[in-house]
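Student: Given chain H, put chain L in place with the hints provided.
Protein chains in written order, with numbering that gives the first Met the number 0: chain H, 0 to 174; chain L, 0 to 204.
One should not assume that every hint holds.
Unchecked claim - Mimicking DSSO-like on lysine-lysine, the simulated pairs with C-alpha atoms at most 27 Å apart in a straight line are:
1. H:Lys147 / L:Lys136
2. L:Lys119 / H:Lys147
3. L:Lys75 / L:Lys136
4. H:Lys25 / H:Lys35
5. L:Lys69 / H:Lys25
6. H:Lys144 / L:Lys75
7. H:Lys144 / L:Lys34
8. H:Lys144 / L:Lys119
9. L:Lys136 / H:Lys144
10. L:Lys69 / L:Lys119
11. L:Lys34 / L:Lys75
12. H:Lys35 / L:Lys119
13. H:Lys147 / L:Lys75
14. L:Lys136 / L:Lys119
15. H:Lys144 / H:Lys35
To be verified - Which bits of chain H does chain L cover? Going by a derived footprint, with three or more residues having C-beta under 8 Å, they are:
16. 22-34
17. 44-53
18. 58-72
19. 82-93
20. 110-124
21. 133-143
Keep in mind the hints are simulated off the structure, nothing from the lab. Being a predicted model, the structure only gives us computed values, none of them experimental. Cβ atoms here follow ideal geometry from the backbone N, Cα and C, with glycine treated the same way.
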Amino acid sequence: MRILLFLSDFIVPFIIFLIICFGILKRIQVYDTFVKGARSGFLTVAGILPTLIGLMTAVGILRASGFLNWLSGLLGRITVCIGFPGELVPLAVVRMFSSSAAAGLLLDVYKEYGTDSFLGLAASIAMSCTETIFYTMSVYFMAVKVTKTRYTLTGALAATGAGLAASVILAGMMI
Amino acid sequence: MLNYLWAGMILTGIVYAAATGRIPDVTNAAVDSAKEAVALCVTMTGVISLWSGLMEIASAAGIIRSISGKMQPLLKFLYPDLPAGHPAQKSIAANMIANFLGLGWAATPAGLKAMEELGKLEDDRRSGRMSGPARRKGTAGNEMCTFLIVNISSLQLIPVNVIAYRSQYGSVNPSAIIGAGIAATAVSTGTAVIFCRMMERMKKR
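Just chain H, with the same shape it has in the complex (with noise of 0.2 Å):
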């Protein structure tokens, strides 16, 4: 545990001190390579903004309506009957919109039954499992003015469901 933390505090020193060293090996001239590539980085940030004000409202908008909390309970009782507990779905329907509200409600998950309890487990899993579809898909999608999304969103909610289920099943067997 402890080591894990001091590697994850590591790696981007680490990284950094790799990346330079290998370019000083490779006599590039690293200042004005950096700045090249910080100068493109800006340019995409500012190229994403529109997209991101665009989602953001939209996510803040759904949101604020209460229409999420309407769908998590109403998904929720019918979850429970494939044995998805309804108290993480949620967290498992916000996580797909925005990754800092997910985990406002993975405290809120901690707070109530416990971070080593079944439900803690589970929530820390399948956050761990899942990343945010809706910001995801837009951004990179839209930076490259592609609308007509085919089969994205189904893979892509397949593959959320999935890891949701195994955190269950996951948080189960570690209980």
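Tutor: What follows is chain L alone, placed relative to chain H:
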């Protein structure tokens, strides 16, 4: 699809809020979220520029080429129609490595670059310079679908932030979920790969 999804989110939100009397909340949320998006972009500008700069050095030093060379079997397996040595391979490899390590901020610029290269691949297919199915402009190619589905299936091996939250909330063993997390990630990514394979097969017929 994205257009309907976006419109659907907003329209559903407004109609539901009107029905349940939460219209003032929606007004605030709309304005606040737009503001939040700009704040997020300001944060992102710093981190993403930093990583883009470092990636530029890494790619000039040939690090990314050698990594994507080592990942050739995996790339060939995930993207069978993407020719070896295509520039998209390098960006995809860099994006995957950053995701494995949990460096989301580093994964984004590489991922956007990968999408750009895949867009060029589609252009080349349309004009007949590359083999593969030609699709109309604005339509996602198979590689784009696979790339995003695999990305969304989460590749991160060690969920550092979840572990940090767990220890903050008094878990006796915060890192106990690492093994299970890797297993669950393997399940979701495995599902993603199988799904993409099935779709590619079906479309070929």
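Student: Hint by hint, note whether the structure agrees.
Tutor: Quick rundown of the hints versus the structure:
| no. | hint | in the structure |
| --- | --- | --- |
| 1 | H:Lys147 / L:Lys136 | holds, 9 Å |
| 2 | L:Lys119 / H:Lys147 | holds, 16 Å |
| 3 | L:Lys75 / L:Lys136 | holds, 25 Å |
| 4 | H:Lys25 / H:Lys35 | holds, 17 Å |
| 5 | L:Lys69 / H:Lys25 | holds, 20 Å |
| 6 | H:Lys144 / L:Lys75 | holds, 26 Å |
| 7 | H:Lys144 / L:Lys34 | holds, 24 Å |
| 8 | H:Lys144 / L:Lys119 | holds, 12 Å |
| 9 | L:Lys136 / H:Lys144 | holds, 9 Å |
| 10 | L:Lys69 / L:Lys119 | holds, 24 Å |
| 11 | L:Lys34 / L:Lys75 | violated, 42 Å |
| 12 | H:Lys35 / L:Lys119 | holds, 22 Å |
| 13 | H:Lys147 / L:Lys75 | holds, 25 Å |
| 14 | L:Lys136 / L:Lys119 | holds, 11 Å |
| 15 | H:Lys144 / H:Lys35 | holds, 25 Å |
| 16 | 22-34 | holds (count 8) |
| 17 | 44-53 | holds (count 7) |
| 18 | 58-72 | holds (count 10) |
| 19 | 82-93 | violated (count 0) |
| 20 | 110-124 | holds (count 7) |
| 21 | 133-143 | holds (count 10) |
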